Amino acid sequence: MAPMLEVRQLTVSYGGVRAIDGISLTVHSGEIVSIVGMNGAGKTSILNAISGMVPPDSGEITFEGESIGSLPAHAVVARGIVQVPEGRLIFGTLSVEENLRVAAHKRSGFMLRSRDRPHLRQLFPTLTDKLERPAAGLSGGEAQMLALARGLESEPRLLLLDEPSLGLSPKLSLGVFDLIRQLRDQGLTMLLVEQNLRRALMVADRAYVLESGRITLQGPASELMLDDRLVSNYLGVSLPETPTSD
Amino acid sequence: MDGYVITVLSNIGMISFIALSAYLLLVTGEISFGQQAYFGLGAYAAGAATAMFGLPIWAGILIGVGAAALVAMVVGALTLRLGGLYFSISTLAFAEMVRLILLTAEVQVEVDGEMVGPDGANGFHDIRWMFERDISLAEFMLIIYCLLALVLIVLALVERSRLGSVFRMLGSDDLLAEMQGINTVRYRILAAGMAGGIAGIGGSLYAHFTTYVEPQFFNVMLGVHALAYGLIGGLGTAFGPLIGVAIDIGFLEAVRFIQGYRMIVFGGLVAVLLIFMPRGILDEDRVHRLKGWFSRRRHAGTRGN
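Protein sequences, first through last, are from chains F and W.
Sequence positions in the first sequence follow the working numbering and run 1 to 246.
Sequence positions in the second sequence follow the working numbering and run 1001 to 1305.
Here chain F stands alone, though its shape is the one from the complex (with noise of 0.2 Å):
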């Protein structure tokens, strides 16, 4: 079967600093993949680059057989690939359902408010509890979870997210990556990119392991989770019996 995603040689560079240096990566339909690899090593610069962020400098990204990479982002989440950025950047000053009601541009229209959210009352009980506050007063997980839910109020067909658990307690991370199983259990396909190597190891199907700008190690997360050559260039230590990748 075809990819659903397909990513080739792609190339990506700020103010002429190569930042990606020609990965290709798939993922296919119902797949969760992750992007592990150090702060640095390229990780955003690849989902800025597929959801039409940041324009490629040379490559080609493919989305359900069609061209997407000269496409401008918003023209990418209608086509319907959405990024979960970084950071629980939210918008502050709206409420938690305005924050909700922008995402949602396949099902109101213009002047349309969309309170009906049952699949969302069942995924962020606790949000629904709170969608007329204003969602700068809401916690760093809370914060979190809207990220999340707004990315599901696009309808996404596939979920970028971008290092879902940073800065939350374990306990809160773990939260999150429950509900990433649970979007897997309902048929969501994800990109993941993760800084938590074991973490993001234990969700994913598939995973690549990029370094400086390459991917230096891909393969089934299973196998990866046992491979030698992860431990030593993720940690940086090279032990002496552990032949390297090159």
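Check the hints yourself; a few may be wrong.
[As the list claims (entries may be wrong)] Taking CB as the label site, the calculated pair distances span:
(1) W/Leu1157 / F/Arg198: 48 to 54 Å
(2) W/Leu1078 / F/Arg18: 33 to 39 Å
(3) W/Ala1156 / F/Val17: 47 to 53 Å
[Unchecked claim] Coverage of chain F stretches by chain W, computed from C-beta distances (three or more under 8 Å per stretch; other residues unrestricted):
(4) 68–74
(5) 82–92
[What the hints assert, rightly or not] Selected chain F positions facing chain W (Cβ under 7 Å, derived; list incomplete):
(6) Val77
(7) Val102
(8) Ser154
These are computed hints drawn from the structure, not numbers from a lab.
No experiment lies behind these values; they were computed from the predicted model shown.
Glycine is no exception: its CB is placed at the ideal position from the N, C-alpha and C atoms.
Please arrange chain W on chain F, whose structure you already have, making use of the hints.
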């Protein structure tokens, strides 16, 4: 009510339109120094419709609004991609361009043996629709406030709708809004068109209230005041800019003892408010709290019965 009070109240009403126009753009995060151009275009277009072509005033207002909104959308499409400071500068440049064109344009037609129409620096005289029909100043003031109420109702509906949330999102984070699937440029052009149209209503009314308009009235100070009204009164609700207008024209201009010092007091007031209330008296936070307070009171009231 004597004529003076009616004139002051009418001025408050008419200037409120340009204040709301600048406010709508401030909400979407754009600072325009050029809304006076749309006020002026509305005044000239509506005046031309009634005085030169004998159309009724409602048609004049529609033409004034349409012309202002259309030009605002075209200018917006050309300049909004610039963003931020560059947009502000280009609005100022455009408004000065409009003013200079009106200063030189002489387009007159003969009506009842008299030449009527824009006459360059001499202005556009004899927009007498209201006086030819014996409509008193008080009656015209009623028309002004009915239209103002209509605009406020539309803005309140927008504020409660998805469109209103989109506008506020544009004002707080462009890129994040784009990530939500919002075509930010298209919504900005829409906001610019709405803002131009609202200023156009004010101009249409102004031309008929004073019976003559001159390009000098639509100079940059009008646009700067329009911005200041929203910043004083608050950006959390459309009633904010009206508070700004009421303070400036209703209080400062009407209170005789500071006549001549009005601009000094006004400028000082703007500076002090920007330091202590950067988003005005009725900012988003206070509006939220007021709404909460009112809904709690309502709930308490129904429980009491």
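Hints broken by the structure, by number, lowest first?
-> The structure conflicts with no hint, since it agrees with every one listed earlier.
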